[in-house]
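Q: Here are the chains, one letter per residue:
Number of protein chains: 2
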Amino acid sequence: VQNDQTQYRIRFEPDGVTTTSENGSNLMQVAIASGVHINASCGGTGTCGTCNVLIREGKVDSVRTSKISLSEYENGVRQSCQSRVRSDLIVEIPPESRLEKAVLARETAKNVADGGQIQVVAKEWPFEPVVSKIYLELEPPTTNDNTSDSERLIRALREQNCLGPIDLSYTLLSTLASTLRFSGWQVTATVLTVDSHSRLINLEKGDTRTRNFALAFDIGTTAVRGQLLDLGRGRVTANAIDYNNQISYGADVITRMVQCQKPGGLGQLQKAVIATINHLIQEMLKQTSTDIRDISFIMVAANTVMVHFLLELDPQYLRLSPYVPTVSQPPLVRARDLGITAAAHTHVWILPSVASYVGSDIVAGIVGTGIYQRESVTLYMDIGTNGEIVAGNREWMVASAASAGPTFEGGGIKHGMLATSGAIEEFDLDSLTLEPSITTIGNQPIKGICGSGLINMAAAMLKAGLISQNGKFNTERISNRLRPGEDGWEYVLAYGSESQTGRDIVFTEIDLDNLIRSKAAMYAGCQTLLQGIGGNFNSVDQLVIAGTFGSRLNIENAIAIGLLPDLERKRFIFVGNGSLLGARLCSFSTFLLKDAGHVADLITNIELSENADFMENYLAAMFLPHTDSRLFPSVTQGMRL
Amino acid sequence: VQNDQTQYRIRFEPDGVTTTSENGSNLMQVAIASGVHINASCGGTGTCGTCNVLIREGKVDSVRTSKISLSEYENGVRQSCQSRVRSDLIVEIPPESRLEKAVLARETAKNVADGGQIQVVAKEWPFEPVVSKIYLELEPPTTNDNTSDSERLIRALREQNCLGPIDLSYTLLSTLASTLRFSGWQVTATVLTVDSHSRLINLEKGDTRTRNFALAFDIGTTAVRGQLLDLGRGRVTANAIDYNNQISYGADVITRMVQCQKPGGLGQLQKAVIATINHLIQEMLKQTSTDIRDISFIMVAANTVMVHFLLELDPQYLRLSPYVPTVSQPPLVRARDLGITAAAHTHVWILPSVASYVGSDIVAGIVGTGIYQRESVTLYMDIGTNGEIVAGNREWMVASAASAGPTFEGGGIKHGMLATSGAIEEFDLDSLTLEPSITTIGNQPIKGICGSGLINMAAAMLKAGLISQNGKFNTERISNRLRPGEDGWEYVLAYGSESQTGRDIVFTEIDLDNLIRSKAAMYAGCQTLLQGIGGNFNSVDQLVIAGTFGSRLNIENAIAIGLLPDLERKRFIFVGNGSLLGARLCSFSTFLLKDAGHVADLITNIELSENADFMENYLAAMFLPHTDSRLFPSVTQGMRL
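Top to bottom, those sequences are chains A and B. Counting with the working numbering, you get residues 1 to 641 for the letters of the first sequence. Counting with the working numbering, you get residues 642 to 1282 for the letters of the second sequence.
Derived by calculation from the structure, the hints in this document are not laboratory data. The model shown is predicted, which means the values in this text are computed figures rather than measured ones. No residue lacks a Cβ here, since even glycine has one placed at the ideal position from N, Cα and C. Heads up, a few of these hints could be off.
Unchecked claim - Okay, the calculated bits of chain A under chain B, using three or more residues with CB under 8 Å as the criterion:
| no. | stretch |
| --- | --- |
| 1 | 26–37 |
| 2 | 47–57 |
| 3 | 474–482 |
To be verified - Computed list of lysine-lysine pairs in BS3-like fashion (alpha-carbon distance at most 30 Å, straight line):
| no. | chain 1 | residue 1 | chain 2 | residue 2 |
| --- | --- | --- | --- | --- |
| 4 | B | K903 | A | K205 |
| 5 | A | K594 | B | K1235 |
| 6 | B | K700 | B | K764 |
| 7 | B | K903 | A | K262 |
Unchecked claim - Restraint ranges, calculated between C-beta atoms of paired labels, are given here:
| no. | chain 1 | residue 1 | chain 2 | residue 2 | range |
| --- | --- | --- | --- | --- | --- |
| 8 | A | V17 | B | R934 | 42 to 50 Å |
| 9 | A | R319 | B | Y811 | 36 to 44 Å |
| 10 | B | R934 | A | E22 | 48 to 56 Å |
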């Protein structure tokens, strides 16, 4: 008898993960629960068609939608989010539905290798980690000095070097008496100083000063990056990166915020990112044989939406005008209260944010790069969905989110994808034959187009005259690869026979249109921000490009399409992940951590969404590179040649 | 089939409480679990014989010990702590094994009626409760002012009247956004200020300023007293009192501390006192129809052992020389973390203590009575098992515990008992016939002797010449009531035919010896403390007697036996429960609360147990009233007459 209590065995390939599931379960939820990543840009509503899987053995209930062709359906392709388990299954996740970890791993390896690659870093900060371990040899109590254990301990801390009030953690009390006595009154106190308070959070037997670790995390919408920090030596001892598990609930923050409005949705998203964090912690501990009890602190930088998810706070007011976060400086919280696998004494501090779309990741970047310490004016850009921009110096700072959309992460692009294995990254075009010359990430067969590839492609096509400055294919150019498709004219990047997915990979006029909108938003955002303070791009001494995307960017091509301003090339600086840099440095120095609070206060947030200047600038930028060619002298000159 | 899973019905009389129990359960544990009090001075080890019950129907497994006579055993009397349930039962708890609540209730009624009976109270304190409710009408966010909800709230608090940093409670965040919006941005913030920090602990819709309540508790070894405080109006709105449920684990703190060394023992004791607290809270809420969510704060004063039990801290180092507490100023803790039934935002603050036997109850008394504010020197005595003594003024203060033993609470006395129904309180003796004239508490048939009765009895017998100054019965006096017993000579206070227990109630020479030891310890403690600061009883301007016991005390009789010094009578002041007074006043004023910290620091603890002067003074005081008759001029004069 098969009823709803029946358990089925589900194997996911090529991961090789086997799990069990009840009759009628949603196949995508089963995959999420077993730790198997399936892309689901729309958050499982059935509208995006990115979560297709191949049912190799067994039976699911699943209606065919327009996202699957009849022949695909007959061959066993199903939308996993629309499928219910009805038997034991072997499920194959095809390349286009899969997230490849190989590329993230490469990014990690590179970061570790070129530790010194960052060109701007905060200066003049005393090394004084947020967590200090203080070794104490206490006088044992006598009849004449029988003050309480807690008083004795606090007295000894004061005699050493701790000034100001010290809060004693309640959880410490239960083992305080025995720790002091079984250690012969020789103990190491762990003192955490954030938010202008010092808290005695742990007490260990003997001298454990050499084992003082913290974690720094950048929690991004797409990926979560962690570093294990040796606070005693001021070094990074491990790096780890993984996709944010929340991807299974939607590729972008808007989809995930909508997901939160469903019953239990917020809790699921919170647990998803915690699972990613826990996984990364395990990985870093394993890499370095570090004991989890030696980690007393976790510093987090993240965009404001991710912070809300992490704290399980309803994000609905972030999403609606006037875009108000619940909290900008969250209080100190125990790691375990969030579900993080850590010692009882491990605390989490989240860096302060400025606004709904100018988060603590940006504040961390400004602090980490020391922009707030300088006289000269810096423009800081994090090119991505939110498109955060900050301009300023030590005295003033303005910020905005340009809402560039998901284009640079492959969203809204017919064959767009994240910058992972098989994504087109390098692109050139023979100006006569219009045949492409393509390099993919990992040198794999072509699977799709990532953000940086998109920019390179548009620049090359513009240069070759295949597309016009107003973003249309020049259909007079003769090429077998140029053809009318369901989304208007399209250029075939790879035919099914050579692609990884077995289908033609194309670049459409709609894709180009989306790219132009995104690059126009970024450019116009910067322009509006600078105008707001009575300046323009010439007022900018340095242009700092943050984010992983930035490090893949070809500057000449980005200028050629008008994403970046046409400034002297030496003014451009790449900092890689500014958010993680800031989280790390703030862990190493309570001074920088205090500065983070000042920076968050210093930054004035400018909402662009209802700004008339922005709309004007945006429309003027809807051209390649720009309607005002004087703004792009080097590009204009190149095109004339 | 009867196996260990069988459930039996147990009815306890005269309480009329019915419960179920598994086969083989310990009968005393069943009673505790169902909220029925049975005395158990020894903590359930079978040695004290105070937990006897009568099995009216049904069967228990229970070996007869020396604590039960053969005829009692045949009539169904059993030691409840040694009995295992083997069938449905009807169990009668006889008067001597029962705790009577009637007298505690009378104490409450009296306290409420004579609200102004206290003769010394702290002066010059601004009314500024530890919890303040602040009504705020916030500006709703706009595109130009879309700072986070938390920032907006903190900004508004600062604009009103809150200075200094305000910590935001993590638990507040989850409902912050909706509370602000569904209240139309009109909210009441609850700010708790202890330990020099202000914490925003709650946020309510609308104006709730009139609903600002706190609880004050004095947690004593024997009884727990609570008051419901209206912080808005500065008034006590309800009183409640009950026995500390821990009594079932031993009448005195030493027995309970031993109990803690058993597996799970500490947890049981913690839960026992929490059950009492929860019961009292319910009672006070019911009395006043107060909503539990309107109580934001609980102030606790208690002796150091009770504080350790409350926080579930192993008390073993309190018990052993050099008597070191784990904590003297416990951190702020959530009520729910301790198991207290309260709102999520309700916090508990425990007043600071000085040493293992000079607890926060004494600090509270010193603060509440304002002794620390005066130039004149006060001697503060809490007559009881610990026998805490403090001497000093605004500039200096010394304290000790005289370890008087349980005599004043009826311990170590053959027919001793707490000051409850049926206890002999007033006592006089016809000097010719040596027949007694007795008044019991509640005018009930005689059940035993309480501490104040014991003092009155000894004073009367001394005056009548029935006992000599060295504590022996004058066996030359002819009386039918004077007879040799198993503990030496004894005086029959009531014969079995007239007593509540059906047995003869006697006062033995060993009882007298214990009383002399206890009173000598108190007197010698005070004497040693005053000598330590180069003074004597004449240096004392006021003698403040705290504690419920104090309020029952006949001063003339206490002086006559040498428990209290022979000072001018007008220098004696009774303050009742100084501990609860202090807890209440500290709730009404953050200034007094800060003073409590200063007082705890100001007080120097002197250990008497290894003090040579104390031993000498103690031996000299082992006489009625004292070996040095010059110290008791009025008594000596009276005896001459």
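Q: State for each hint whether it applies.
A: Hint check results:
For the stretch 26–37 of chain A, the stated coverage by chain B is violated: 0 residues have a C-beta nearer than 8 Å to a C-beta of that chain, whereas at least 3 were required. Counting residues of the stretch 47–57 of chain A whose CB falls under 8 Å from any CB of chain B gives 0; the rule of at least 3 is not met. Beta-carbon proximity to chain B at under 8 Å applies to 0 residues in the stretch 474–482 of chain A; the threshold of 3 is not reached and the given coverage is violated. A C-alpha spacing of about 25 Å is found between K903/B and K205/A, which places the hinted pair at or below 30 Å, so the restraint holds.
Taking the CA atoms of K594/A and K1235/B, the gap is about 29 Å. The hint holds against a cut of 30 Å. Note on K700/B and K764/B: the hinted pairing is violated, with a Cα-Cα distance of about 61 Å set against a maximum of 30 Å. A hinted pair counts as satisfied when its Cα atoms are at most 30 Å apart, and K903/B with K262/A does not qualify at roughly 49 Å. Between V17/A and R934/B the Cβ separation comes to about 47 Å, which falls inside the hinted range of 42 to 50 Å.
Taken as a hint, the range 36 to 44 Å is violated for the pair R319/A and Y811/B, whose Cβ atoms sit roughly 23 Å apart. Our hint of 48 to 56 Å for R934/B and E22/A is violated, since their Cβ atoms are close to 40 Å apart.
The structure does not agree with the numbered hints 1, 2, 3, 6, 7, 9, 10 stated previously, though it agrees with the rest.
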